[in-house]
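Colleague: Single-letter residue listing:
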Amino acid sequence: MFRNIKMVGTKMIGGLLGWTESRSGAIGFVQPILMHRVPRDAKWWYVFGSASLMFFSIQVVTGILLATMYAPSAAEAYSSLQYIDQQVPFGWMLRALHAWSSNAMILMVVIHMSQVFLHASFKFPRELMWMVGVLLLFCTLALAFTGQIMRWDQDAYWGLGIGAAIVDRVPMLGNQMRNVMLGGPYIGGATLSRFFALHVFVLPGLTIALIGAHMALILKNGISEMPKPGMVVDPKTYVVEYEERIKKNGVPFMPDAAQHDMVFCGLMLIIVGVLAAYLGPVGPNGIPNPTIIDANPRPDYAFLWIFTAMALMPPQIETAVLLIAPPIVVMLLLGLPLISNRGERAPSRRPGAVLAYVLIATALGTLTWLGVVSAWSPVMDAWTSLPTPVKYLVGRTPLEMQGALVMQHSQCRNCHSLGGEGGLRGPNLDNVGSRKSWDQLVRQVQQGGGNMPAYGKNLSSAETTAVVAFMTTLRNAGAPESTIPGAMERQSSPDQAPTSVASEAGK
Amino acid sequence: MSTAFKNIASLLGVIVVATCLQACGKISATDPDDTVVVSLPQAAMANYAENCSACHGANGVNGAARQLADANYLASVGRESLINITTNGVPGGFCPGSGPASLAHWNPKQVADFVDGLLDAWGKNGVALSIPWSVKLSPAGNASSGQAVYAAACQSCHGAPNFKGVTAAGSVTDPNYLRLITDQGLRSAILFGRPERGMPGWSGPFPHQAADRKLSSQEISDVVAFLRSTASQKQ
Amino acid sequence: MSCDCSNTPSNQPPSPSERRGVMLKLGIGLMGIGGAIASIPLIGYAITPALKKYKNSWIDLGGTADFPEGETRLGKFTNPNASPTDGASAEQAVWVRSYKPAQFQVFAVNCAHLGCPVKWFQQSKLFMCPCHGGVYYEDGSHASGPPPRGLFEYKWKIENGRLLIDAGRLPGLEQTV
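Chains as they are written, first to last, in this note's numbering: chain A, 1 to 507; chain B, 1 to 235; chain C, 1 to 177.
Hint data in this document are derived by calculation from the structure and do not stem from the laboratory.
The beta-carbon is built from N, C-alpha and C at its ideal position, and this holds for glycine as well.
Treat the hints with care, since some could be wrong.
[As the list claims (entries may be wrong)] Below, in silico cross-link-like pairs of lysine-lysine (DSSO-like), each with a Cα-Cα straight-line distance of 30 Å or less:
no.: 1; chain 1: C; residue 1: K55; chain 2: A; residue 2: K457
no.: 2; chain 1: C; residue 1: K76; chain 2: C; residue 2: K55
no.: 3; chain 1: C; residue 1: K76; chain 2: B; residue 2: K109
no.: 4; chain 1: A; residue 1: K220; chain 2: A; residue 2: K236
[To be verified] Under 10 Å between C-beta atoms, here's a sample of chain B residues computed to sit facing chain A:
no.: 5; residue: E50
no.: 6; residue: D120
no.: 7; residue: R197
Isolated chain A (complex conformation) (with noise of 0.2 Å):
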């Protein structure tokens, strides 16, 4: 009896299989891609590529899925964020996995972008593959830069503002480039609208189409052995060399190769997932009303580097270097495979190449953690937040003391550190007494140089003089004030005679 009903649903399914299959040749088309050959040795350092798109499909479906809330419109846009983030269910996390998701993506393309370049697996007949490739990952920086647009808020409105000064220096065409990118002449909601045309449409039906190319040269070329010292790509012979050795030892993608690729993505998945609940989402991060100056807009982690490289470039060759530099690090980019497409691919036979990529992540890691720090960047609200550390007060005479208030009233605190604490745009303050005498002292702050402005005009005798007696008092202990020879004695002058103040406190 049970066996019958199973026999006649087993016949059904396969007949309704058979229908579909010959309607349709789904089957037929699918089996050769999930069952092509790949090599044997292809196992944890072929997963990038697929994590990447898995991180992108996630892309897809969240991006989809917050479009039916999200109000692009530059007047409500911030408010839908947060209609979604505290009342649409599951909004926020939503949102939480769109933004670390994306980041995930784009580590994860920088990852594979790192293996293929190492292994050299951008060589013939690779050559298409890897420009494909380098379009997808500007695809994905393009899709993250215009993402960090749609939170729409002081980081978006003034990363936009940064955007156009960069295009704004392109000589002739700079101000009408800077109009056709913000739709206007200033950041509006015309701006909002375009770059939302781009990140829904245009860069996902690009980065789509890109990723349809690179599986089709997947299939057309084979995946990349593991290099081997002594293998040698030469394009006379590859091809057929290649296609004999898969053949031998090759095994189907489908489980062999894909296997790997399912456990590291779903690892993966769980990670970001669990941290996206963990971290929630990314902004918005205050109302984009260019009236509130306070803002302290930093972009988002992929483009950190750009921004230290702003803050740490000479201001002379800023300008060349913005606009030159883009093209030409496309074109190294793309043009690579070109450059060397034959030869060694083993790391230790291309000493050269593990080189500059060495050298190539350091900096863009170095700059990228500089700009966390930001060292540049005066502390805004130091003055005003940040205690003189109760140590530098203790034992100070009352022009000292005053000497102190000087330093916090004249926001010198923004630029230089007190204890660890403000800016460190400047030297830190701590030793200061021991390393300039107080004349030294008195011309620093009065002519200012090194990068720091003139203070000459907007502080009074008593002032300086008593903001250099509290510095000379920042010495570590056993330190010697700092004296040049045959400088003076300190001794107030006849012409700094005080001034009675009238009080009109707390009337």
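Position chains B and C against the provided structure of chain A, taking the given hints into account.
Modeller: Showing chains B and C alone in chain A's frame:
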């Protein structure tokens, strides 16, 4: 966070007072128990930390400027004047206040809430002084009478007028110091002292003096006038 | 590559391939012309902001008494070029410095480096930028940091006791304000 902060701050307070006791030598600081740290209510605390703590110290003590966690000071000045100072700052002094041209742009309600927070946390059981704290309400000073008062009450720590050497508490006749402090600042310093630095307030006790000797309002005005005169004498 | 045409039935009319050649050319030509005509409005639409001349207008910042002498205060106005969907981003700010009776300097809040909002510090009489640390003196001149020039200045005039500025565009190096 706030309890940890409190603990660290009170620990710091105790350490500083102890250090001060050692460093100041002959000046005796007030009882360390008096500097017990009290935290403001949360909203006022955030505003205080963001806008005031740089000068008045974390938790209202041990800053470069006046200690605000001082019940007698808050009681003497009173709510109305505190609101005025918070709004407009100290003219001629360093405090920028929270008014339109300054740092925080608080509205009047925020200012009032802030001052009430201060009074609530730090002003409990404060006793207002029996003599006026404000320069405007106090008698005009006489510099020559002030000289004698200075010699008796101040000189032992702050040194003779225009004395250039090292004194226990540092010179208060330094012309640059006098240019940076208002008459009100001087009067407040004499009235309320700098307890965390070991300087006694009006109620004393001053070193080398009878415990019950207190300056009169007139005497304080005289000292202030005298200090001002030391600077102009130099010309 | 030569075509192996041996399987082509010889008794079929010869027209298809010939006609196909003509038709193909015609098709390509028509598509090209049609596409070119259609793309004019498309491209024009997309790059409108580059073709359009955006004008500044005189904007009322408030009474001159709102900007007391010796102080630098934030002046706010609504962008004259604003569109209905701008929301808060239509609000604009400038720093107004009054250094003499009825004499003003009106600075853009945008740093001359990369456009971040500079903040005025009355006490040290400096403008500081939170992004890359550009610093300007009270008269807008460059004090330190990466900016290639001083703060951008707006044209201003006084009419009936009101301070007006000529504004509407985001300031930048190429076209200052």
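Colleague: Does the alpha-carbon distance linking K55(C) and K457(A) stay inside the 30 Å limit?
Modeller: At roughly 38 Å apart (the allowed maximum being 30 Å), K457(A) and K55(C) break the hint.
Colleague: Does the CB of R197(B) sit less than 10 Å away from some CB of chain A?
Modeller: 8 Å, holds
Colleague: Holds or violated: the hint that D120(B) contacts chain A, with Cβ atoms closer than 10 Å.
Modeller: Interface hint status for D120(B): violated (20 Å vs cutoff 10 Å).
Colleague: Given the hinted pair K76(C) and K109(B), is their alpha-carbon gap at most 30 Å?
Modeller: 23 Å, holds
Colleague: With chain A as the partner, please determine if E50(B) meets the hint condition of a C-beta pair closer than 10 Å.
Modeller: 5 Å, holds
Colleague: Straight-line Cα separation of K220(A) and K236(A) no greater than 30 Å?
Modeller: 17 Å, holds
Colleague: Mind checking the alpha carbons of K76(C) and K55(C) for me, to see if they're no more than 30 Å apart?
Modeller: Distance ~19 Å between K76(C) and K55(C) Cα, so the pair holds.
Hint check: violations occur at hints 1, 6; the rest are consistent with the structure.
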